[in-house]
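Novice: Make the complex out of the two chains shown on their own, each in a separate frame, by following the hints.
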Amino acid sequence: MNQVNHLLLRAYPARWRARYGDEFEALLAERPLGPFDIADILLGALDAQLKLRGLGAASEHRRGFSMSLRIGGGLSDGLTIVAGTERGVAMSWTIESVQVADVDPAAVFRLYADPTTWASWGHNATRARSEGPLTEGGVVHVRANYGRDYPCRIRRFEAGRALELEVRPPLLFIVNVYEVERTAEGARIRHALEFSGPISGVMKLAGVGMVYRRQLRQEVARVIDLAKRDTPST
Amino acid sequence: MEHRIPELGRFAEPALLILVSLSDGPKHGYAIMTDVEAGSGRPLGPGTLYAALARLEERGLIEALAPVDRRRPYRLTAIGASVLAEQLRDLAEFTQMGLRRLGEAPR
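These protein sequence lines map, in sequence, to chains A and B.
Just so we're aligned: 150 in my numbering is position 150 of the first sequence, and the numbers increase by one with no gaps anywhere.
Just so we're aligned: 46 in my numbering is position 46 of the second sequence, and the numbers increase by one with no gaps anywhere.
So that you can see chain B by itself, here it is in the shape it has in the complex (with noise of 0.2 Å):
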């Protein structure tokens, strides 16, 4: 595929993280940088935020809004939905896999 995440190289892990912190409604910088922290309890600093925002926006996998007060609102686009939706499924079948072979059946 065109747009697959891995090609972030680096950033290919914030960039996951924002994609799915956009994919239930438009979120801004700061919101997105909270909802990360308590989805995955690791911080998000604010330089990688705007790296991985930068290379999202740039591959049209997600879209900046008008912004509201200074505070730019971005949303998923109908590609960034689509390359979340198989890099997720290529990761559930990782873990999948991963726990087959630790003798452990999937939840």
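Looking at chain A on its own, in the form it has when it is part of the complex (with noise of 0.2 Å):
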């Protein structure tokens, strides 16, 4: 596969390459691309990713979406998918970091249940209080890196096996994920941040996604390490 084309792909979301990757790297293989092919393909791509959940273009979009892929169809018309929907861009898109470990995983959620740990392991806490032990509906208030206040409502608590928190701060709706589950290593950590709202999709095109790519490698390798610490050695 040349660059072009691998670059191409890789605009598409992970899920849908899981999906329709191997064909459509067939398929572009087939003949030289075009500047008509790469422009439809880059918008084939945009959206794919203009999903809010489930996967790529599988997802359906709302009434009134405005959109010009077709045969023939200008591009000019084709952006009007940045302000084309109800409620703004309707692009959600995730990031996450997935390792493998040595670790017990009860000592990593107990990480994750302890909103007094979050500033040590964190990407984006200082400080993180909880009125009360942690339950599905329930706030923890955490104090970002740059000095904000901000609730984030539990929408997901699986003890032992997954947390999950909500935070909309201003046009984003932003989901954390913290899961951990044994393996035969030892277990499984994953942490992701899920983007939507509308200017999620500006983010991403920012680059957004680099910086907190490499923000969440961080922040699971700490976890490790804590969890490790508070895991007596045999």
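These aren't lab readings, by the way, just hints derived from the structure by calculation.
Built from N, CA and C at the ideal position, the CB exists for glycine as well.
One thing to keep in mind: the hints can contain errors.
[What the hints assert, rightly or not] Computed Cβ-Cβ distance ranges for the label pairs, DEER-style:
(1) B/Phe-94 / A/Gly-137: 35 to 41 Å
(2) A/Ala-113 / B/Glu-37: 54 to 60 Å
(3) B/Arg-70 / A/Asp-225: 48 to 54 Å
(4) A/Asn-145 / B/Leu-91: 58 to 64 Å
(5) B/Glu-37 / A/Ala-106: 57 to 63 Å
Specialist: Structure follows, in structure tokens:
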């Protein structure tokens, strides 16, 4: 696969690539791509990214969605995607860091379940406090690195397994996902950030994901390190 | 009808061309592209093709077959054939009405 095709394919969401990537790659290799093809593929990738949840292009766009991906469709019309939905940009994208480590998953989850530890491993927390035990629907108040306090609503809490927090900064909706599961090696740890909301598309195009991806990697590494220290050696 | 092509919005036209292309047998993506281009005289880009294929597949109008050398053929389902036939009949009626208004006899 040549580099251009590879880059074009990378513009599609991972889950879309898992379903269609192989055959799409074979299709792109059939003939040299012209400017029309490249523009069409990029718009196709944007369409696949414009999903709120679920499998890439399998998601349903809302009525009234403006999209010019069609035979002979104009590019200028295609750009109206950015403002073409009732709630602004209906783009949802996720970044994640997954690591497997020789660590006790229970020790990892203890860190998730104790907001007083979040400042020591969270990518954007200098302080966190909860008004009680973590439960779904509850709120944890977190002070961000830039000094502002913001409420995180707990949308999922599975003891020993997963924690999900919703944060709603202006024009954004962010879900922080923290998951741990036992494996033969010890634990599989996944931290993810799911972005949606009116300016999420702009953030993605601006390359914000690259910054957060690095921060998530560091965050998972810190969790592993802290959990190992919390685990009595045998 | 539950699966009308117009519900695909801007993808209705590519979707219709894809369904027509598949009406004489399964085809993989590149074969659909060349068939549509030959039949309509207009190019069908890879991005549009797969955006429409995904929508048709999720609505059960087409189905994916086992890949052959990484090329995955698609075929029309029974529902897809029914929807396509209805859509073509609607278009035929519309064409006839337009021609009548122009004072031309439908051929």
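Novice: Let me make sure I understand: some of the numbered hints might not hold for this structure. Which ones are they, in numerical order?
Specialist: 1 and 3
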